[in-house]
Amino acid sequence: MLQCIFLLSDSGEVMLEKQLTGHRVDRSICDWFWDHVISQGDSFKSQPVIASPTHYLFQVVREGITFLACTQVEMPPLMGIEFLCRVSDVLSDYLGGLNEDVIKDNFVIVYELLDEMIDNGFPLTTEANILREMIAPPNIVSKVLSVVTGNSSNVSDTLPGATGSCIPWRAAEPKYANNEVYVDLVEEMDAVINRDGALVKCEVYGEVRVNSHLSGLPDLTLSFANPSILDDVRFHPCVRFRPWESHQVLSFVPPDGEFKLMSYRIKKLKSTPLYVKPQLTSDAGKCRVNVLVGIRNDPGKTIDSITLEFQLPPCILSADLNSNHGTVNILGNKICSWTIGRIPKDKTPSLSGTLLLETELERLHVFPTFRVGFRIMGLALSGLQIDKLDLKTAPSRLYKGFRALTRAGEFEVRS
Amino acid sequence: MLLNDRSPAVVGAAAAAFASVCPYNLSLVGRNYRKLCEILPDVEEWGQIVLIGILLRYVIARHGLVKESIMYSLQCTESSHSAKDGSDVDSGLVKESTDLSGTCDSEFVNTVSRCYMEGPDEYLSRSSYANRESFELNGAQFTSGKSNDDVKILLYSTSPLLWSNNSAVVLAAAGVHWVMAPKEDVKRIIKPILYLLRSSNASKYVVLRNIQVFAKAMPSLFAPYFEDFFIFSSESYQIKALKLEILSYIATDSSISSIFKEFQDYIRDPDRRFAADTVAAIGLCVQRLPKMAHICVDGLLALTRQEFVTEDFGFEDQEAGILTQVIMSIKSIIKQDPPSHEKVIIQLVRRLDSVKVPAARAMIIWMVGEYSSLGEIIPRMLTTVLKYLAWGFPSEAPETKLQILNTVCKVLEGATGDDLWTFKKIFSYLIELAECDLNYDLRDRARLLKKLPSCNLVSLGLEEETNDLPENDLLHIVAECILGRQTRKVKPESFSYRYYLPGSLSQIVLHAAPGYEPLPKPCSLLLDDLNVAEGTSEMKRAADYSGTDDYGSSSDPSDEESASDYGSQRSVTESSGSDRGDDSEFTSEGNYNADPLIQISDIGNASENQNGVSQSSPANLGELMSNKALESWLDEQPGSSNPGLPKQSQVRISSARISVGDVGKRVKQKSYSLLDPASGNGLKVDYSFSSEISSISRLLVCIEVFFKNCSSEIISEITLVDEESNRAFDSADKTAVVNESSLTSSDDVPTLVPMESIVSLEPGQTTRRILQVRFHHHLLPLKLALYCDGKKLPIKLRPDIGYFVKPLPMDVEVFIDKESRLPGMFEYARSCTFTDHIVELNKENGDSLLVKDKFLAICESLALKMLSNANLCLVSVDMPIATNLDDASGLRLRFSSEILSSSIPCLITIGVEGKCTDPLNLSIKVNCEETVFGLNLLNRIANFLVEPALS
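Residue numbers (UniProt numbering), protein chains in the order written: chain A, 1 to 415; chain B, 1 to 951.
Hint data in this document are derived by calculation from the structure and do not stem from the laboratory.
Ideal Cβ placement from N, Cα and C applies to all residues, glycine included.
Everything hinted at is true.
Per the computed footprint, the stretches of chain B lying under chain A, defined by three or more beta-carbons under 8 Å from a beta-carbon of chain A, are:
#1 162–168
#2 200–206
#3 225–235
Looking at chain B on its own, in the form it has when it is part of the complex (with noise of 0.2 Å):
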């Protein structure tokens, strides 16, 4: 590799051709890993860019994070698992977490972290299936950055860089550090990206929407310096309010004096837009500084004042908005403290004589309702309240018309004594008015609410109706819940974002570009591989494996092996099984596995994985659990594994496989129409390709023909006879009942094993006979005759190719190899489209209770498309593991077949590619010597798969 190479220059060439080459393959930097290192700062800085992706990419997956770094102090307070492993340094962390940022969200800094890891789609829709288990990052992935030199290294040689003229390289910088550096060191980044907002302007929103994530992780980091963040009013308005939300999250109790008097020049900016949305972040920093809660209050209720001068005219939409926006704010800080803002709420009932937004004087209204029973003025100016909102009832917008009744009806439920009678009066009043509405929405309102509070009523005694007592309460709670305060507090808003790594164009556009890729597993880059690496041919098959094996497993092979291997094992041996038969998970294993249709694995290596299955015993339960829910994921540590495994299998490569074990049960055999009952006199054959072989001779192929009677009289006599051999002996034709072992020893093998004729059919019923036929070409249709009732009926019988071969069990590595063996003018491939798995997905959808997953999906809609279409043996199926959930490239199907006429063996391989969701890409390759047949097969295949299911 030219990444080998001394000179800077070339070293940036190198690593962009490694970037589009093979992200994956990040067991090739290990060699040169420190030398990388050193001459980064010397490469130029396009390359920088590029390179400095590599390395972090490269220390994760070789190391896994830092246990100093941001991204682990979060991981080890929700996980109790890393705590176990290293509690004395976990206390000290968490103490210094709190020192250093005592405000640091780690609830949020953990979404963010494992969305790098995972990529966001991933996590997210795992989270919501809430087995976030299935990710517990364990302390053997962490890596302390103060002992690990790799580590160390890349963090000295990427800090000059924060000094880069090029933006972009800063800010692949400023990300490793992000991700990798001790806490109290990233600071340092801050600085430089702070500077960066002074490039150009389209650089300055990128770079804004970084410093918008790492500020909600670590306010403090950026709390000092939030004079950066001011304002310039040429800037565009969606830096502007970038900056306003950066704004409200760093604001502390030190610098939210300053910052609140910038807030009030913004308010009076030309930009009306811009001056609502500063509005709403008074709000916001209200709500997380609650000091300042008083202030802010006064010069929302200023504000009002000053807006309503210009809202007397109402021309102008958008001061409407602040204003609805002020409202808004002020309702989010009461909400916070709801006694100590009682004067606030009068100075704003007071106000609704000037306040003629909609929208505002409805969240006024409402504040009155929800507040009603609050403090000692509020409840003695309802009365008043309520009779100016009943007078100007009619006058008012629908939305504030629906505050209305709402707020009287809440009222009404908490009122006593004397006001009682003057609130009902108000709110017959009102409903009768609202029931003659315009608004059809207003009209129900007042439906509903006119049952409500009779009941309240009825309960008080005031009310001569008499209900019987279970409705009454019943609508007693429905009143309650309808109309009960809603004062609970309001859970911390869901982190609904996606998050991507820092300088990514995913963060930017919020959503995976494609070719985004998550950080690479923690350690999933072991040192055998490395070594393993080495040789050609190995890296040749670990580029072949698209780098998205997880090498992890390769530390124990042989259980995983086992795992798959024993289905087919006990089908095919029909072993006892004696040492492992007290597990019930085993043996519905083997029912999975007991069609011989499909046999995972190579049953020669059985012997072999026997050894390690019985050493090996404990873990293997654990394996088989994971592989009965039909994922064999290994990501064990290497220091975990049993030491008593095999020597020869530490050293096999061997990929994430599944197995899909049931699909051939589902495996359903496409059937043609030979005759049908039209043309047949009512008798309508069938036949479809059998995956039987013949035990005549291999020349044959077995069809399962069906015969049914579809008309009402019995037909007698039917019999299938080749044509042409039928015009050569015609002196054996119609019951032509030959002795099948006669024909077992004679070389020539006739174009049809004549098959038992059916004497009679009775109406409707359904006979089945096995043809075995040997096709004289396997594209051409083979001519046939049928007889029934003496009547000769010439009928075509068209062959497929996908029958021609038999299954061919055999190992991955055999495959493999063979692969290797077959290349150039034996290999020919073609890509299609698949569709198939989108039905399946959608039914998935359906059924909640069955959370499979989509990868899984795939495999088995594809597997089974193959195999109820060709007579193939399905090898392996490698799965992609660095990739997000959503994305399907890099799964590859093998299956191995050898031709039945002369035993030559032909490999297929189909790469997927594309997003689970959509219609895939299918890359299909076909190896065998015999061109011609390989590439007939080749088309047959990529015609079948195209085809939409039959459902």
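Chain A on its own, in the form it takes in the complex (with noise of 0.2 Å):
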């Protein structure tokens, strides 16, 4: 079971601790792992799983934030990894993101938030709509509220009513006036394109995101048109198994609010929206770089807010790169970024330039992966498709509503 929660800042700093079970652990395990993420570095920062001299430690990195969890015994790691991941989620929903000052300055709620979630070393609410039941998000009249009341509390007195039924995700008994059910297809996609131009690689990671405003205690049931194409799925604990097992159809009752209800995967896509041409050239102490990106099929929507990113490799001086569309840049730590935004009708997006390598150095033998991201609005790459959601206990009207969006994950070219 896990003993204590540490919330570290980017500079090493213990910003929160919260012992879980009577062992209290140390503050000086942070110091110890502070250390070693210095000598060590980054391959040390992502090693989830720790075997201090005194604890185990778990641990995430969510924005610079390191979550480390310690345990002396014997416990499944992922649910430590994966507790952490709620734990990160919930508090980047409440907050409104995650960084070291939103933290400090809501101490108070994190810890609530931690008081709630886990109990004597084992996770125990970690469902973000009840949560919010439970513990009022921070918003402006609260701060008012509290500094002028001086009552600092946002815990709500009543228990969520979800906890004593049968169904402990969804609130008990809402009332809306409109009936809204919102379900978006949020699509990642993953593809590696390797250096004679082949696709390697092409999945779409999608989510289906429901966002349910529903009076009573709705029974909805949604189905695909083309279920089949899906490979993987993983299902929020309301969907019932054994419809989807039988006739994939998914039955839930929904919890209420935004949700994440099912993932899926679909493998061995057969293209890209975009096409991404890497040349480089070495020689004589110099690389000449030529990258061209376009529209490969027209998707039939825009693709918006393209970036191109790749890693300058170690062994180059200085860089000298121009685009004909969008803007460069060159970050610390040597990641080149490159900004389209939209491809403009009229022309291809190109960057060239030349990048001065070290003075012993003949030529480049190692070449930048080109990390590709764009946004498509309004379709799912994947083309899964929704057939029907049907509510069982119908009341007086429902609006439904659909979105889709494609991002893109993993999207990597090598050159």
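Starting from the two chains in their separate frames, assemble the complex, guided by the hints.
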């Protein structure tokens, strides 16, 4: 069981310490941890499970904040890690982002949340919707109120009704004037294009996000037009497994508010919406770079916020890169990022320039990998379509909405 | 129990409580098992994780492994034992396994599954003793997944959990399937697990670590999904390395080409460490799939061409690493089939000029030496190569120089005809150079090699020197040995890894985290016990045993009883034992226990047990054999237990016990000094408490007193007298030899039964006297006066509360019964640490012949310590069964005694916790009606246990 949770800032300062069991974990474990981070660098930071001399540490890093959990006994490591991920999700959901200042401003809320989420080292309520009922999210009004009244607690007095019901994720009997359900398909495309320009791997990871505001105890069924293309699925606990097993229908009683109904994976797609053609030629201590970006198969919707990023090889002295569209920035730690935005109609955006290599080096033998980012609104690239959404206990009026969005996930082009 | 509850919400919390309170008490799960399985999908996700673990353990303990599972198929490949049970099933299985996964690495899986069962520490340490037989899984420990409903329902209810949103739940469910599911169904866990790779970076690493083991065991499962292991540049180095390793396991003939294409891309990755790993992975792939060797070698050679461009400048260490790795991969490929790669060697040799990294150069040169006689071209180019090497020798790195020397030596050995002279010249030139080298390693090597080849030359008759033949031969053999071809097939890598249950923390950190438990012994939980456990008192008792008892043993407790009883029975009754006098084992067994100090078990029970013994003689023999080895585990199956056992003994729960028979011989009484020679005019008086019980009065404590004359003169007229009584009866002083018989009758017991006085003590002589003393208080010392040579010396006799009790032999059942009647304020507990056994264990290590169980060593040293410091009776030693070898937690020793003066029973229980090799934490519990006495005894015990052993 988890014994203690620490939140560390990116400078190694312990922002928050939450002891969970009777066995106090000394803060010195953080010093130990941070010493190792400094001495071993990133490779230590990316180790999720660390065996320290006294404790086992689980580590999750989100937006510069390190979540550390300590345990001394055997427990499923994924349980610790998954819990920390949930904590970070919930926190960023509550605080509208995750950074040092926000956490320091909202200590009370964070402690209250942790109190509810974990009990005696065992995760308890991790569902964001229920937490919201117990602990009001911070807002201006409550802040003013707390300043004026001096009452800083925003834990509600009553237990959420759901804890007693057989559907723990849903509050009892909410009432809405207009019943609405919104379904969003959010997809991320992972693709790898190798040096020859061939598509090595192209997959889509999608989520079905539902935002429901329904009165009573609604029982929804969601079906897809083409469920056969789904390779893998994972469900929110509210989804009943059996109907899915028998005829691939999602039958569920939704939590109130926004939640992730399911996530899925579709493998072996045939094409990407964009092409990126990098050309690197290198001789005589220089390297010429030329990158072309264009639309391959027009998906029918505009492709937004296209970006291209790559890490310059370490042996490069200076880089002189220009583009005919968008802006090129070379950030610290030698990351070059090219923001294209939308692709103009009249020309193909291209990036060109030269890299100056270190003096002894004749030519470049390592080549960077380009990471591509883009966004397409109103389209699920996988082609997954929602067939219908039914409500069993039909209320008077139901408004159903549907949206789709595709983003680039791990879209990599090797050169 | 709340596990009974209908609501899924309650069950989740109850499961968590169960896991932390009594994880071993699986019998409690039994009644609710089905309900729990059904309710499982509705339990909240964190509870599911725990519940899955509990259910898995229960099923294993209840029904054993599943016949169709991966875990089983390997057992049957190794242990012919199981083949006997169902040869027809096996043959079917083997066939199935071959067409399902031809490449399933049976030995590996075997290791893994055994590790799951026993915990790697135990397994690995045992395999080093090479007595694997002790863990023979017999066929009865397996059950068929198809026919067993419990297994089926567990698999059925966990399969939807593979779709859970919570990665920990998915992995836990996958673990169940991995262990329990029939082979053909294991496939279904693959996709969900792979999908987990998409979740956060942290969990990705954990999942990959688990996949690593799965893939190693059954590469075929993952082979179709190789694309999922392709690497993104944004991933961390650890993840990349893991993915590479997995890729090299699962590569198949069909996928290898695309995997290689990927690898080629990776080599150009800016992360050079990763690139070097990739090269190594290529080598591994080729070792698995020799078909690809030529393509790979070509690719690798091209790489060497590429790399040395940068190598000219040698600006980065990591580049050197890659090149070395390349050469190493090539080397390993060539090793598999040297003749077909002749050209590769030649190409490498040509490239010697441009390869500047010492390690890589050394390796190429090694290859030259190794394959010098291979094919046709290499022998011809040898002269040139060697000349070239000799020419550049002074400028080489030490590493390379060593290899050059070796190579020349090897070549020289195999050389014939014309080249020989050239080689010899080169050789002597090199030796001369090397002998003047700065590096002493090199000089040493040169001197060694100088001697070696000479014999070769002698035998060829080229050297005039005539050595005598035997020495010559010897040298020749030595040369052969040192320089001989090492192309022998390298043994498949030993699986030095440790494997833990999938999804456990220990699997990630690769050592058993505290609290890690391997799967319980198959079928250790029997139906009878479930019924027994229904009664509340039994449940309490079962909890007392902390679940470590092998419930299987309850099927024939009388066997065990008799085994341990026999000795005491013999010692007490001195019975002839005519019914089994023919067994020499028995007599020796009896001898072990003949010491009256230790009576392992109840005497009163003996007659009843005799029944059992005579009825189950044949089974008893085996039992005693193991008992003789000082271990009496019982895991006989209920079916095979003797039908003629007395009914009443069936019901009794007994735990695994050891007989610590020979401890008695080693019990050493601690002696205290009463008078040291300095103050006693050369008279030294030591005393120790004896375990004898006074025959005169129960208030008297027996003390053994040793008088030793350390002076050079004779000391005469020594006697010990109570000071106070001395004052009172002034008349009856110096020679107060009172008739003992008169004292026995008298009601008021004197403080000191006057001892026989010692008339004279020669120098260096030692005399022993038994003193019977009555202490007025069990802590305050008693003042005595010692008279010798007419002088009076005041002395103080300090009491030892450990000897204010006398052994009270009793049965475990009686003990527990009595213990339960002395609760609350009559029970005192303390904890302390114990270190004696470490010395003992270290001693054991040196003594390789006598491989003793660590537990045993602990028990012995603990019992020894107790018995040599207090007058107790060892009732029982309970051993944990389900723990790993190194963890002594759960060990429990029970001692009984009664207070001398009041005959009030005093029960002592010692629980052990901690690792065998570390200081142990003992919890001592004393149950005694007399509070003050009990507390003092407790303190005394704690004190002497902490004291280090006198060695």
